[in-house]
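In my numbering, the protein residues as written are 230 to 848.
Hints listed in this document are in silico derivations from the structure and should not be mistaken for laboratory results. Where is the CB? At the ideal position from N, CA and C, for every residue including glycine. There's no promise every hint is true.
Unchecked claim - In the DSS-like style, the derived pairs of lysine-lysine whose C-alpha atoms are separated by at most 30 Å in a straight line are:
1. Lys763 - Lys425
2. Lys594 - Lys335
3. Lys671 - Lys727
4. Lys571 - Lys379
5. Lys338 - Lys671
6. Lys314 - Lys670
Said to hold, decoys possible - Pair by pair, the computed Cβ-Cβ distance ranges are:
7. Ser363 - Ala694: 38 to 48 Å
8. Lys763 - Ala630: 12 to 22 Å
9. Gly600 - Ser278: 46 to 56 Å
10. Pro701 - Glu826: 23 to 33 Å
11. Asp788 - Gly600: 48 to 58 Å
12. Pro286 - Lys699: 44 to 54 Å
13. Asp820 - Gly343: 52 to 62 Å
14. Glu842 - Ser729: 33 to 43 Å
15. Ala365 - Leu561: 22 to 32 Å
16. Ala697 - Glu826: 39 to 49 Å
17. Val602 - Ser575: 21 to 31 Å
18. Glu585 - Glu842: 39 to 49 Å
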Amino acid sequence: RQPHFGHYPSLALRVTVGSVANPVSARQRPIDFAVSARIMGGLFSKSLSVDALSNEPYNQAHMFEGLSEDQKQQVAADLSEMDAKLPGGGLKGYLERARGLLRDAKADKNPFEGLTPQVPQGERLIGPESGPGSKAYADFEVKGMALLAKTCFCLVAGGLGERLGYPGIKIGITAELTSGMTFMELYARSILAFQKYARKSSGNAALELPLAIMTSGDTNAKTLELLEANAYFGLSKSQVTIMKQELVPALMDIDAKIAVKDGKVEKKPHGHGDVHALLHQHGLPQKWTSEGREWLLLFQDTNPLPFRSLCAILGVSAARSFVMNSVTVPRLPAEAVGGICKLTDSQGEGMTINVEYNQLDPLLKTTPAGGDVADSTGFSPYPGNINVLVFRVPEMAERLAATGGIVPEFVNPKWADAEKSKFKSPTRLESLMQDFPRLCKKEDQLGFTQLERRMSFTCVKNNLADAAKKNPPDCALSAEADIYACNARLLELAGEGKVSIGSPSKVSFLGISADIGARIILAPSFGISLEDMKTKIKGKVTISGKSELLIDGDVTLNDLELDGCLRISADGQLPKKVVRNDGSKLEKIPDSELKSEEPSLQIRGYRRVVVTEEEVKTL
Numbered sequence: 230r231q232p233h234f235g236h237y238p239s240l241a242l243r244v245t246v247g248s249v250a251n252p253v254s255a256r257q258r259p260i261d262f263a264v265s266a267r268i269m270g271g272l273f274s275k276s277l278s279v280d281a282l283s284n285e286p287y288n289q290a291h292m293f294e295g296l297s298e299d300q301k302q303q304v305a306a307d308l309s310e311m312d313a314k315l316p317g318g319g320l321k322g323y324l325e326r327a328r329g330l331l332r333d334a335k336a337d338k339n340p341f342e343g344l345t346p347q348v349p350q351g352e353r354l355i356g357p358e359s360g361p362g363s364k365a366y367a368d369f370e371v372k373g374m375a376l377l378a379k380t381c382f383c384l385v386a387g388g389l390g391e392r393l394g395y396p397g398i399k400i401g402i403t404a405e406l407t408s409g410m411t412f413m414e415l416y417a418r419s420i421l422a423f424q425k426y427a428r429k430s431s432g433n434a435a436l437e438l439p440l441a442i443m444t445s446g447d448t449n450a451k452t453l454e455l456l457e458a459n460a461y462f463g464l465s466k467s468q469v470t471i472m473k474q475e476l477v478p479a480l481m482d483i484d485a486k487i488a489v490k491d492g493k494v495e496k497k498p499h500g501h502g503d504v505h506a507l508l509h510q511h512g513l514p515q516k517w518t519s520e521g522r523e524w525l526l527l528f529q530d531t532n533p534l535p536f537r538s539l540c541a542i543l544g545v546s547a548a549r550s551f552v553m554n555s556v557t558v559p560r561l562p563a564e565a566v567g568g569i570c571k572l573t574d575s576q577g578e579g580m581t582i583n584v585e586y587n588q589l590d591p592l593l594k595t596t597p598a599g600g601d602v603a604d605s606t607g608f609s610p611y612p613g614n615i616n617v618l619v620f621r622v623p624e625m626a627e628r629l630a631a632t633g634g635i636v637p638e639f640v641n642p643k644w645a646d647a648e649k650s651k652f653k654s655p656t657r658l659e660s661l662m663q664d665f666p667r668l669c670k671k672e673d674q675l676g677f678t679q680l681e682r683r684m685s686f687t688c689v690k691n692n693l694a695d696a697a698k699k700n701p702p703d704c705a706l707s708a709e710a711d712i713y714a715c716n717a718r719l720l721e722l723a724g725e726g727k728v729s730i731g732s733p734s735k736v737s738f739l740g741i742s743a744d745i746g747a748r749i750i751l752a753p754s755f756g757i758s759l760e761d762m763k764t765k766i767k768g769k770v771t772i773s774g775k776s777e778l779l780i781d782g783d784v785t786l787n788d789l790e791l792d793g794c795l796r797i798s799a800d801g802q803l804p805k806k807v808v809r810n811d812g813s814k815l816e817k818i819p820d821s822e823l824k825s826e827e828p829s830l831q832i833r834g835y836r837r838v839v840v841t842e843e844e845v846k847t848l
């Protein structure tokens, strides 16, 4: 089923933006802000009465049928609160947009009608000519390193780990067992490493790189608890902004009647596109622009790998003047991941945007290729979207100011009748953060940076039972394996021929398999980029495939031969060293013990066991 996209028929009383059917023409047009307060989501709106809600323009009289007076007032109060928080015209705007989109859905309007897909413009940092280790990649990294002082960060962290069998928030999951860092700690320490470099390069010892975190009602309190219990992992409170996402009304029919259950308004998530509204409502892009900041990295809760390539990505954004740069990976034809396309209309106007995989092949059937097929590389020419995005902040601030932060929504109702008037279950409008291009101007440059998958993408989204049936499993084991593989690749590249690491072997736990070799963790303090790491390898380094190496600090390696476990937590020169010991290993947790283990181990089914390890705490 194709979701139905749309525009905002009434952003401010008499504003019409774009076209329902065509995402290219749905780009932002100049807006007459007749009632600009409504754009901000009804910040100055009054309480809505039962009578007002029952009549035009809301038409929600059905909500109050059979309710007591107290229940009626509670429903009205609840909707009044939502009216004040909903971007794009409050509750009235939400319902107007919903009715338009639902009419389009009933009519089976094709959002891509009249659009021609083309291979988009971007940089493919893959292979010997342009991938990691090449001169081209190094040039982009050096350019990006100079931009770190003007870079901001935003973490989309609205997810609980319940689907994984994890009782807490996903950013509280241990990323890998060698260091024991949670995803949140890894993100914080990465930002601090960038900040340390930026302070030195800019000469501003007080410089802070801001971090915004989007939470949900489910995760907000737990996120604050995690941060406060760990002293914000070294970040200062002043550089962190928590942005709580609110729910939106659920709709029960094509007339956008709001669903009520047991005397209460039914609500559902609006999608991660709300990150744009929240950034705008908190005034962050505007504030960052006034402070001279230029770039924003938007990333998700269980994918730390893009931090390893951030400098190169920033370099591409600056070199290509990208207002939005989608970080992508090679994508197989028909792979269940969105593809980045340039969509062009009959007037030749186009934009680069993600197209979901179930819509991509039908769209590409109109091209000479006849569908989503491989090119000479064996991959689709339309790179795979991983929802890691880099924005140029000044333009982002302007585009979001024009709509109050909202990006065009879509609706995907499940029809209960042939006439398409009722739904099997309540639906709602949704939005996607990668749909930002639909707000952009014609002159805005939009593109992508394609990276090796092992240098840019992993995730934890499946529980043990589901992961065992999927490839890739996208679970705690596969993410841990991906982190080790990325670090091993970086160390080999940084050594420029001086580093040799044993081959990985297949491991299996609870029916899930992964290739794990040397368990290498290069903490963010070791190096912020491949170019930075190259300065840290002075001698020959040999590591066996069963070894464990943790480097946590600004360490320079001379000759090192490792067959076992070595953990370095210090700054300075590591003298020539040979380490041979029984090391550590990952072992299966017996079924009888699994439920008594900590949650981050329960979702793995294995634990780290140390036989012998050598620690270096001073150099």
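Results of checking the hints against the structure:
Using a Cα cut-off of 30 Å, the hinted pair lysine 763 and lysine 425 holds, with the two alpha carbons roughly 18 Å apart. The hinted pair formed by lysine 594 and lysine 335 meets the criterion: a straight-line CA distance of about 24 Å does not exceed 30 Å. Taking the CA atoms of lysine 671 and lysine 727, the gap is about 48 Å. The hint is violated against a cut of 30 Å. With a C-alpha separation of about 29 Å, the suggested pair lysine 571 and lysine 379 falls inside the 30 Å cut-off, and the hint holds.
Taking the CA atoms of lysine 338 and lysine 671, the gap is near 24 Å; set against the 30 Å cutoff, the hint holds. Restraint check for lysine 314 and lysine 670: the C-alpha separation of about 27 Å stays at or below 30 Å, so the hint holds. For serine 363 paired with alanine 694, a C-beta distance near 42 Å keeps the hint of 38 to 48 Å intact. Between lysine 763 and alanine 630, the C-beta spacing of about 42 Å breaks the proposed range 12 to 22 Å.
The given range of 46 to 56 Å is respected by glycine 600 and serine 278, whose C-beta atoms sit roughly 55 Å from each other. Between proline 701 and glutamate 826 the CB atoms are about 24 Å apart, so this pair conforms to the stated range of 23 to 33 Å. Aspartate 788 and glycine 600 have their C-beta atoms about 54 Å apart, which keeps the hinted 48 to 58 Å range intact. Take proline 286 and lysine 699: their Cβ atoms lie about 46 Å apart, and the range 44 to 54 Å holds.
About 57 Å separates the C-beta atoms of aspartate 820 and glycine 343, a value consistent with the hinted range of 52 to 62 Å. In this structure the supplied range 33 to 43 Å is violated for glutamate 842 paired with serine 729, their Cβ-Cβ distance being about 22 Å. At about 25 Å, the CB distance of alanine 365 to leucine 561 agrees with the hint of 22 to 32 Å. Checked against the hint of 39 to 49 Å, the C-beta distance between alanine 697 and glutamate 826 comes to roughly 19 Å, which is inconsistent with it.
The hinted range of 21 to 31 Å is satisfied by valine 602 and serine 575, whose Cβ atoms lie roughly 25 Å apart. One distance hint, 39 to 49 Å for the beta-carbon pair glutamate 585 and glutamate 842, holds here, with the actual separation near 46 Å.
Of the hints listed earlier, those the structure fails to meet are numbers 3, 8, 14 and 16, in rising order.
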